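These protein sequence lines map, in sequence, to chains A and B.
The first sequence lines up with residues 52 to 436 when you count with the numbering used here.
The second sequence lines up with residues 2 to 370 when you count with the numbering used here.
Calculated from the structure, these hints are not laboratory results.
What you are looking at is a predicted structure, and each value in this text was computed from that prediction instead of being measured.
Hints are supplied without guarantee of correctness; some may be wrong.
As the list claims (entries may be wrong) - The calculated lysine to any residue pairs, modelled on SDA-like cross-linking and capped at a C-alpha distance of 25 Å, are:
no., chain 1, residue 1, chain 2, residue 2
1, A, K53, B, G66
2, A, K53, B, G119
3, B, K35, A, E158
4, B, K35, A, P353
5, B, K35, A, N367
6, A, K260, B, K35
7, B, K35, A, R430
8, B, K175, B, P202
9, A, K260, B, P68
10, B, K35, A, S154
As a plain string of letters, each chain reads:
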Amino acid sequence: MKPIYLDYAATSPLRPEVREAMEPFLSDGFGNPASVHRWGRDAGRALEDAREEVGESLGVPPAEVFFVRGGTEGDNLAVLGRIRSRLRAGAPAHLVISSIEHSAVREAAAQAGREGARVDTIPVDARGMPDWEVLEAALESGADLVSVMWVNNETGLVLPIEEVGERCRHYGVPFHTDAVQALGRMAVDLKSFPAELATFSAHKVGGPKSVGVLVAREGVELEPLHFGGGQEGGLRPGTPDVAGAVGAARAVRLAVDEGSSRDHVRRLRDLLEEGLRSRIPDLRIHGGEGPRAPHISNLGFPGVDASTLIVSLDLNGVAVSRGSACASGTEGASPVLRALYGPEALDYAPVRFSLSPATPEEEVREAVTRTVETLERVRAMEVGA
Amino acid sequence: MSRILVAMSGGVDSSLAAALLVEEGHEVIGVTMKTFCYQDTPSHSKTCCGLDGIRDARRVADLLGIPHYVFDVEEDFTRDVVDDFVGEYAQGRTPNPCVRCNSNTKFRDLLRRGKAFGCQGIASGHYARVRRNESGEAALLRGRDRKKDQSYFLWGLPGEVLDVLHLPVGHLSKDDVRRRAEELDLPTAGKAESQEICFVPTGDYRDLLSRHLPQRHPALEPGPIVTSDGRTVGEHNGYAGFTVGQRKGLGGGFSEPHFVLEVRPDTREVVVGTKDELEADALEAEEMNWLSVPPDPAENIEVQIRHRAPSVPGTVRSVAPMLEIGFHRPQRAPTPGQSAVVYRGEQLLGGGRISRAWSNAGREQAPSA
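Make the full structure from the sequences, and use the hints.
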């Protein structure tokens, strides 16, 4: 039985075009961009070309593109970097995040709190709508950073970040969005977008792992998290991963250019959900109440244990996850589902299916068949035990 | 060949158990159960169920080419094992959490998930054996290596667990296990034995009790040390620190060695007496479980009342409403909370949790409930 990979929100394989673009810098083009000689200059040129490619793709000047070591680092740098720059100046710091952020923002906010910042959390309802009153109150009381994700990584819920950004702008408060799951799944153009900070990750869209991009618009003051040779404008010192940056740039460009594939992915997702729903009437679609990005389908299966179901699916050749690969192994509903659905979230075993434009339609159909079979067996055992 | 779910703690025994099943041609799936909150335990802890254990189990599974999963059973484990452990000490008894876990948590979970995964069998690295007759009936036997035998901890297994259980290392000695593990290059071959209770890696169970019991709980407050004839001879710093048969911590001043005879939670008294007073002819046990037909009262069976103690001749006098066992010769300090396990030769027949013991001379060790 050929296993079917439906966990593209966790990570994706390197695209052949990306690998091809990276290859020269894994061999002859190995130079350090900081070196003066030709090896260094060649590497430096590639790095700056990559920066321009990212800037063009996202609609920002290259000087506002910073290569970082992945999405988590980008989120940490945006949140903690901003808060620490306030604290270092001896000023009070006030951070506002949504209740359904990725752990990279949530835990960075917790750290900001330990370091003395005030941290407010804006509740988000099952439609992805933030509590505007809470946001307004926080903005009015003088926030230093608002961080609200674009697309929720567990449910695919799309948050109205343009409006969040506009409101922040009205108060002159910098706005950060974790756009890791939005890239390639939403139309991302930051040119006139009301966000001062945005985080992207390459490996979710066929790029290399451990490479991310933090877009920091001019004028936002960030304290670096690392100290060293001053690379990336001093924001992320350390010898740059040139091959990674080149690969990330190519992956970002492909993701942005291939906007038409989003409709195809949405059709695949609908096929999956309709197939499962017709066989499992009490299935719940987490995030189904609001607008969703096309690639994620977080389904709630009643009456079973999520980890048993996910392992059974793995054994039956369907690779999915519990909602966030970063939280795998923990039982019970995730903080995100609890924030969205309250204690009721515990009644449904959450399983996240996530698709790629490259997923063949017959794999989706086969996954439906295998999932239904697996669920029936797991349910029978849960009742029997 | 069948599909078998094996519990892998990350220790050498369960590692080899998995390896032997693979060798026999089974389709093996490894699982490690996370039983308690690892944030509470010091890093580099030596206990086999810690995070190190999970990583080691995964590395063994990688080597064997089998899938491995981690299941978080902390909620069940806390309720069934840790809370029971604390509650037993609060009642002046001496619990055996490994028995409790095997009876209520680990194997039930393994069985339930195994069925869901389409497994025909489940397995662990315990030193005990399962014998099946032609009609498929299973019997639990002691491990062949008597020094390592762990059948004592398995008397509470549900019958449906025993029916599908495999214990691949039960016919080996510890030396064999280590040697085979080394031959197979298992990364856990040289790993130290875990002796402590997995959720008390430091061995300091009083610390755990003080975190789980309400403040100023009598079990951790000072109380009188009294003799069996009612004389107060000293003070102790909390009866939870005392177990029947214990000599340590009673202070000196006795003409002959004194031992704990009984713990009385209602008065916080720790009752002490001489070696002779510790002896019991009979005991009663609750929560009994039978893995075979209970023996006839006329049959001479053997009873084991603590891990690493020899089993001694006796009879099962009654199985209703409680398990009552008589010893042929008086036994030292049957301890409430520990297990009384009944054997016929190599075969484990059943057991129960000791609630009280007494001697025909008339003195009871624990108040009848």
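Here is how each hint holds up against the structure:
1. K53(A) / G66(B): Distance of about 17 Å is within 25 Å: holds.
2. K53(A) / G119(B): holds, 18 Å
3. K35(B) / E158(A): holds, 23 Å
4. K35(B) / P353(A): Roughly 24 Å between the alpha carbons, so the hint for K35(B) and P353(A) holds.
5. K35(B) / N367(A): Given pair K35(B), N367(A) holds - Cα atoms ~24 Å apart, limit 25 Å.
6. K260(A) / K35(B): violated, 29 Å
7. K35(B) / R430(A): Holds, at about 23 Å.
8. K175(B) / P202(B): Holds - the C-alpha atoms of P202(B) and K175(B) are around 23 Å apart, at most 25 Å.
9. K260(A) / P68(B): holds, 24 Å
10. K35(B) / S154(A): holds, 21 Å
Violated hint for the displayed structure: number 6, the only one.
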